[in-house]
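Each chain is listed here by its residues.
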Amino acid sequence: MKKFLVGIIVVLALAFLISGDNESDILVLATTTSVQDSGLLDVIVPLYETETGITVKYIAVGSGQALELARRGEVDALLVHDPKGEEELAKEGYVVNRQRLMHNSMVIVGPSEDPAGVKEAESAIEAFMRIYETESLFVSRGDDSGTHRLEVSIWQASSITPEENYLSVGSGMGATLTIAGQKNAYALTDKATYLWLKDSLSLVILHEGSEELLNIYHVMQVNPERFELVNDEAGKGFVEFMLSAEIQELIGTFGVDLVGEPLFYPAAGGR
Amino acid sequence: MLSAGLKGAWEMLVSGDPVLYEIIFLTLKVSSLATMIALLIGLPLGVYLGLRSFPGRKFVVSVVNTLMGLPPVVAGLIVWMALSRYGPLGFLEIIYTPTAIVIAQVIIATPVVTGLTLAAIQQIDVRFQEQIRALGANQLQFLWVLVKEARYSLLAAVIAGFGAAISEVGAAMMVGGNIFGQTRVLTTAVVLEVSRGNYEVALALSFVLVFITYLITAALTSLQQKQYKWS
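Residue numbers (this note's numbering), protein chains in the order written: chain L, 1 to 271; chain P, 1001 to 1231.
Just so you know, these hints were derived from the structure itself, not from any lab. Even glycine gets a Cβ: it sits at the ideal position worked out from N, Cα and C. Certain hints may be false.
[Unchecked claim] Distance windows between CB atoms, simulated:
no., chain 1, residue 1, chain 2, residue 2, range
1, P, Leu1215, L, Glu122, 51 to 61 Å
2, P, Val1014, L, Ser153, 48 to 58 Å
3, P, Thr1066, L, Val259, 44 to 54 Å
4, P, Leu1028, L, Ser153, 43 to 53 Å
5, L, Leu258, P, Ile1078, 38 to 48 Å
6, P, Phe1025, L, Glu122, 48 to 58 Å
7, P, Ile1078, L, Asp257, 35 to 45 Å
8, L, Asp257, P, Pro1018, 19 to 29 Å
9, P, Pro1088, L, Glu126, 44 to 54 Å
10, P, Gly1181, L, Leu258, 15 to 25 Å
11, L, Ser159, P, Met1001, 37 to 47 Å
12, P, Thr1066, L, Ser200, 35 to 45 Å
[To be verified] Per the computed footprint, the stretches of chain L lying under chain P, defined by three or more beta-carbons under 8 Å from a beta-carbon of chain P, are:
no., segment
13, 36 to 44
14, 55 to 63
15, 68 to 76
16, 165 to 175
All chains should be built: construct the whole structure from the sequences, respecting the hints.
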């Protein structure tokens, strides 16, 4: 039995040898699925890696999980869209150097027949009330993501607690839209993901442009003074890089050739 | 729809897309390494459990059998907690690397190999075992005869172990991170393409995965069945 255990340890040690990265040259970035699904980082990250020689590991998760990873010091930087949660995190001292990076708009999508009359709504809150009052089905992310948190805040603002005709699916944006499409239901989505998936869905945009639906992305560093394992330099460098004129311009044009309009609008410097 | 997937898979393979081949190569490297480690642990452990009796043996066997059904995502979560920066093994700095996926897959595949090995060994008639001993075999010869006797079932254990490793997605997602060019394997690539709404690409990748699994399983099966003819 002893020999056997020694064998296991030797084998595991051998397995460890196949990873040979130097940790100081690595930046771990937590971002949201909406950013990953858009493909934006697949373009930006290689540029950053060539310029700095740093390897980026970007993990696409819901905003809730991304913020939790920062709270535990498991990542070096964040690119997320949950301003309320981020501000809390900054106040508690878990993140620093938080900068506005870009924005796009959330939209309310639904079946083209629009049984709830969302098209006539003048605000997102009113749209949600119409969906509720007509007992139309609404599909929610239900995964504590930035999109989900925005949705919850709109329900709260309308003083409604949806229970019936409300599906909380606990999935990413793409999966949620697919379910909404299959069920002829309403959903709140970021415009980028919707445009990306439009052709495979039977949903149309019914409400957009109201102020509550502005979807703002910030980039920030996890506080290196709080966590000794956090890569300070790489985090700072990444924030700077994302705000550089070159990348801001790239963000503003990304997606035009694919869906006819930019998926994100650069917003550096603003508040 | 299926034919579109097949066609897509074929076009992807012949186009020689380096990104695709990188993903295939990583998938094979990770899953075959994990299978080999699972075999190194699971075969001896299964043989040991199949032959020896000791206090608590029943309990160990029932644990092994339970772990055969361990959801990969649970294995992934445990490995993530252990390997994360501030986890107990964080100092190894292997979270979000292929090594982390290998470890998770080892945890998933080892009980499968152990359990099936145990079953294979136990199927051998006790009288046959006594006979080998009576013929004067030493311990090593004894084990060798047993393994030869159980070879078909043992190859099934290898195939099942490899299948468990290459097909899991929850753990690879969690501990590997599905990072482009670093830890993206076929299963996590499929999940990503589905979430991007690229159903055709996802389907084509699925066919590539099934095709590769088929090739390897077919090779193992032919090994299994070839020996069958000899005996």
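So, going through the hints one by one against the coordinates:
no., hint, result
1, Leu1215/P with Glu122/L: 51 to 61 Å, "holds, 60 Å"
2, Val1014/P with Ser153/L: 48 to 58 Å, "holds, 50 Å"
3, Thr1066/P with Val259/L: 44 to 54 Å, "holds, 48 Å"
4, Leu1028/P with Ser153/L: 43 to 53 Å, "holds, 46 Å"
5, Leu258/L with Ile1078/P: 38 to 48 Å, "holds, 39 Å"
6, Phe1025/P with Glu122/L: 48 to 58 Å, "holds, 55 Å"
7, Ile1078/P with Asp257/L: 35 to 45 Å, "holds, 44 Å"
8, Asp257/L with Pro1018/P: 19 to 29 Å, "holds, 23 Å"
9, Pro1088/P with Glu126/L: 44 to 54 Å, "holds, 52 Å"
10, Gly1181/P with Leu258/L: 15 to 25 Å, "holds, 21 Å"
11, Ser159/L with Met1001/P: 37 to 47 Å, "holds, 45 Å"
12, Thr1066/P with Ser200/L: 35 to 45 Å, "holds, 40 Å"
13, 36 to 44, "holds (count 4)"
14, 55 to 63, "holds (count 5)"
15, 68 to 76, "holds (count 3)"
16, 165 to 175, "holds (count 4)"
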